[in-house]
Amino acid sequence: MPSRKRVIAAALAVCLIGVGLAYRLQKPAPASPEARAALLQELPTAPVLGPVIDTSNRLPVTVSDSGPEGMLASIFNEIEANRLNNALDLTEALLRQHPNYRLANLIKGDLLLARTQPIRTFGALSDAPVDKVADLRAEAIVRLKGYREKPESNFVPRYLLQMQPDQRYAIVVDTKRSRLYLYENDVSNGGRPRFVADYYITHGKLGADKLIEGDKKTPVGVYHVTANLPRQKLADLYGSGAYPINYPNEWDKQQGRKGSGIWLHGTPSDTFARPPRASDGCVVLTNQDLDAVAKNLQVGLTPVIISPSVEWLSLDDWAKERDELNKTIESWRNDWESRDTDRYLRHYSKRFKSADQSYEQFAAQKRQVNASKEWIKLKVNNLSVFRNPGKEEVIVVTFDQDYRSNNLENQMKKRQYWQREDGKWKIIYEGSA
Amino acid sequence: MAMTSQSLSKPRFQQLKTLRALALGLAIGFAAPAFADNLPEVQRLIKQGQYPQAMEKVDAYLSSRPKDAQGRFLKGLIYTEMNKPADAIAVFTKLSEDYPELPEPYNNLAVLYAQQKQYDKARTALEMAIRTHPSYAIAYENLGDVYAKLASQAYDKALQLDNSNAATQNKLALIRDLISTSGKGNVKPQAPVAAAAQPAAKPAPVAPAPTAPATAPSASVVTATPGAASTAAPAKVAEAKPAATPTPPPVAAPAPAPAPVAAAPAPAPAKANAADDDIAKAVNAWASAWSRKDMRAYFAAYSGDFNTPKGMSRKAWEAEREDRIAGKSGKISVSVSDPQISVNGDRATVKFRQHYSAPGLSSSASKTLVMVRSGSKWLIKEENAR
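Chains as they are written, first to last, in the working numbering: chain A, 222 to 654; chain B, 2 to 387.
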């Protein structure tokens, strides 16, 4: 006759199957069972990150952040392995660290409930609000995915082609993955972006690609932090701080995108984290993550590039793209110095617009000005080159322009948007930055 | 949530007491017998609700034997009855420190903590009870309740459920049943425990209430002593549960109350209609068949489309029942009390307390049968432990 204890153990095993199955269903599903087994066994390795990635010669990932992902991964591991007691211990440890972590509380509820009855699903409470459970499930999935799929050291986000020397860090946000990647400008290494850490983020309730005011979407593009709003001046909703970004930027305005008030900010005090899609368009971090990221933010300087799905380039491909663009910019600079207006205008799209000029007006003005020039010296300093996320091939180029000529000297910070037309890069917008 | 508070099984202390009495006898001679007789009196006073008097007696008893576990246990119970949880907790805590091998003080500590919504402490106490006494069925049942409560709390936090009004609803049923002075209990882990494990192990003839969250799981009275005169009509507390509360654990609650075989068919008052009578008879016949281990009659009490627990096949279910009823050695006694019958056409719901006893274990728990009329008979369609 089985003892009471054994019966309970057996019941737990049944529960576990429920939990395990349910949780397993949520995992990113690789093609084959073998692959899945491998995925489960080798958590720390980094599987495919993006479509551009070449999966040969991988390096082990050594960097990790301090978020709960590691703990969550361990907890789910224990659940998979039928060690529910360990899973509960770990969950409770996680909750000691973050008492109002809703996802951990849900897992704890499931693990406790599993001790009293078989449970068949994530969020097994009967009558649980479906939307809230779905939110927490979504968070669990993206966090585990983020934990398992770290960027590899020989791949970089395609957008970070060149940072200006005083930009110490850059931020790249992947909204589909609910992930923020922090990169350092490795100046000693030719300005190569070096991965520092990544963090879970919340973005717009209705996704990315903001177009109009109130559409509850997060903008896609190349931005930078414009201010630091300290906690004391903020409502609780914004948590430990807020960093507005310059949406809509020049390009957004040209494209007719509207809205305002897009910030990076923290999390209200009643929860450790918010669901992956919950904001009105802002990019939201947990307070501890915001504090960590904030240390590296330079107001007016740090780029924040938001993509629905980050593209990754091998370092070789990245260097090639960067060289090509540097050459293109250098050729524009040369042609301006040459005072040959036609050569110079080759770099501009027929659809070019500045803040106040069409292409024709711009061309006419340049011809007129160049006629009075005996010489022109143009220096491009502090150059940054970022690729704009999206289907259209657009590059954002920003630099300090030092212009000297026989009758005029001028220094300005200039920003240009270049777009590829028929295989050639053309300037489609330029203005002071 | 309902929780069972454990009365200290006398037999467990028989040995201690004897030793102590012997020691006292050596020391004070005549005094010992008089004291020894005091405890039943204390129990009687508690039963009668004369707590101050009971306290007086037990204090007198303890004044000359301050270490006595049984006396201190009763004192803790009296404090509990007098609604002095802090004092009760102090007594049971000290008792558990002095006698860490006894599960009962832990169990009652857990009940007190749970009343104060200190479910983490309740859990720790129950886990201690089980550690000291791995087959302690009551602690498992209580622990199941505490886990469910903790789960519910965690879900509230996870899903921001508003259970603010749950505070008033969450009353525990503290059972005031006291030990009898006769019979032998599961004093020693070995013998009775092994026996106790059997009924405990059964996932109960009970469908684990798949969806229904609503009804309150009631307390199961367990007087660990098969000989106990279980008068305890356990305070079944109907708590309006927060919608969020998970269903009670599918824990078997074979209950004690062996003596009161009186299958109190008390329900049907004279004016009761015929259907009520028929249903009461059917339920008693079912309990009787179970007690006789008459499997044919037992299965005949169930309708052909009986909802088997956990959706197991009818065949598997029958095999399991057979194993656990006919396959059990020793006498089984199942009786029914406090039935409440509500008839709705050809369907009826019967709630009652099921008193179960078998060698080494007895229990009492609430049960609900959904019955359907089939010709002139009423058959069991669903069987739920709640």
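No lab work stands behind these hints: they were computed from the structure. Some hints here could point you the wrong way.
Unchecked claim - BS3-like mimics (lysine-lysine), calculated; alpha carbons at most 30 angstroms apart, straight line:
no., chain 1, residue 1, chain 2, residue 2
1, A, 598, A, 645
2, A, 571, A, 474
3, A, 353, B, 311
4, B, 118, A, 353
5, A, 587, A, 635
6, A, 635, A, 474
Stated by the list, open to error - For the chain B half of the interface with chain A, some residues (derived, Cβ under 10 angstroms), not all of them:
no., residue
7, 150
8, 157
9, 293
10, 313
11, 314
12, 317
Claimed, not checked - Facing chain A, a subset of chain B residues (Cβ under 7 angstroms, in silico):
no., residue
13, 100
14, 101
15, 145
16, 158
Quick reminder that beta carbons are idealized off the backbone N, C-alpha and C, glycines included.
The hints, checked one at a time:
no. : hint           : in the structure
1   : A:598 to A:645 : holds, 25 angstroms
2   : A:571 to A:474 : holds, 19 angstroms
3   : A:353 to B:311 : holds, 28 angstroms
4   : B:118 to A:353 : holds, 26 angstroms
5   : A:587 to A:635 : holds, 17 angstroms
6   : A:635 to A:474 : holds, 17 angstroms
7   : 150            : holds, 9 angstroms
8   : 157            : holds, 8 angstroms
9   : 293            : violated, 21 angstroms
10  : 313            : violated, 12 angstroms
11  : 314            : violated, 16 angstroms
12  : 317            : violated, 15 angstroms
13  : 100            : violated, 23 angstroms
14  : 101            : violated, 20 angstroms
15  : 145            : holds, 5 angstroms
16  : 158            : holds, 4 angstroms
The earlier numbered hints that this structure contradicts are 9, 10, 11, 12, 13, 14.
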